[in-house]
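One letter stands for each residue in the lines below.
2 protein chains.
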Amino acid sequence: MRRKPQQLRSREMVDRLIDATGKVIVARGLEYATTNHIAEEAGVNIASLYHYFGNKEEMIEALQDRLTQDLLQTLVGHAAGYDLKALSMRDIAETSILFTLQSLRADPVFMELSRHWSRLSLQRSMAVIEQHLLQLCTDYFRQHFRTYPIEDMHIRLYVLLNGAMATVARHLCEGSPVIRDRELVTVLADMIVGVLEKGMIE
Amino acid sequence: MRRKPQQLRSREMVDRLIDATGKVIVARGLEYATTNHIAEEAGVNIASLYHYFGNKEEMIEALQDRLTQDLLQTLVGHAAGYDLKALSMRDIAETSILFTLQSLRADPVFMELSRHWSRLSLQRSMAVIEQHLLQLCTDYFRQHFRTYPIEDMHIRLYVLLNGAMATVARHLCEGSPVIRDRELVTVLADMIVGVLEKGMIE
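Residue numbers (full-length UniProt numbering), protein chains in the order written: chain A, 1 to 202; chain B, 1 to 202.
Worth flagging that the hints you see were computed from the coordinates, not collected in a lab.
As the structure is a computational prediction, the values presented were derived from the model and not from experiment.
Among the clues, some could well be false.
For identical chains, the list gives no copy identity; a pair is met inside one copy or between any two copies.
[What the hints assert, rightly or not] Below are the DMTMM-like pairs computed for lysine to aspartate or glutamate, each with C-alpha atoms no more than 25 Å apart in a straight line:
1. Lys198 to Asp107
2. Lys198 to Glu94
3. Lys198 to Glu183
4. Lys198 to Asp91
5. Lys23 to Glu174
6. Lys56 to Glu174
Based on the provided sequences and hints, a complete structural model is requested.
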């Protein structure tokens, strides 16, 4: 197959601009970052930037999409390392949530975006993450149906994924000075295990 | 005390403009409603409209705020009618969630806004509702501490309110053709009762 230098070059340019968007908002703050700053950081002229993006908002959206993809990859990689036979449902829930909290807190780009979450639309990212986790969880429970014989799994996973994601997002973005990560994780694990156990066929 | 006709008139005008915003978006759809349509519906000239609102987005925000207040009043009124001694925690949870779903579905303004939820910021409305429900629930559990001796109530309520609100909002806005209200309510009640019971001091 022949390579397509034009497409490859476009993609590299877009990647470089998204990298630069992340760096600039961390350095200057989301509200003070401009497309000029981003173009300068990327070493790209401003006309080229506007060839790929209509405005700053589109660049932030692309950055959110990339963060979502990165988080998913990290989570799936982390989950692949579990010894599922050795772990209880509670262990899996606690480990995954704690790992998610720590990964996101360690990412300065996410932390800067999270400062402005009330003005950003999170629904698209949430929908992408939900769809992937839903697939992951559905596969898991199909494989372990004998241990977890749950009939209405699709409803239980819908509630648990929406519920847990919203709480984690809220906790990371707005925070709550009186709630610690460890406490939140325990209650979320209670929620996940409780809802699943309640659905088991007797 | 002397009345303040100027202030009163302003408030009536703002109310009339918010009413008109609701009517126009239901009749024309959010994307096709203009401030001119709204001014015409309210019987107000466009300059007066711009005296109170900067643009259409501000009118939609004011409409969201009013919907939030209306929903809260309706919920609190509904809850006041409960015979709390005769109801289990599960009954209260199921009744409240089902009532919320039905109230919102019956409101054409909410349903039109919900079609566009991925572009509207819901965080402000959510925060207001959460704060009120948190107060309501905290008072309830303080009064019933003997029946429900839960130490880390603030964490459990934080998780449950965030989790339930997000799932209800998602279900109402995006819907899921395979999940029925009744099924969702059952699983949400499992979640609420399970998380509370797990927190009981033994």
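How the hints compare with the structure:
no.	hint	in the structure
1	Lys198 to Asp107	neither (36 Å within a copy, 33 Å between copies)
2	Lys198 to Glu94	both (19 Å within a copy, 16 Å between copies)
3	Lys198 to Glu183	both (22 Å within a copy, 13 Å between copies)
4	Lys198 to Asp91	both (18 Å within a copy, 16 Å between copies)
5	Lys23 to Glu174	within (22 Å within a copy, 34 Å between copies)
6	Lys56 to Glu174	within (24 Å within a copy, 28 Å between copies)
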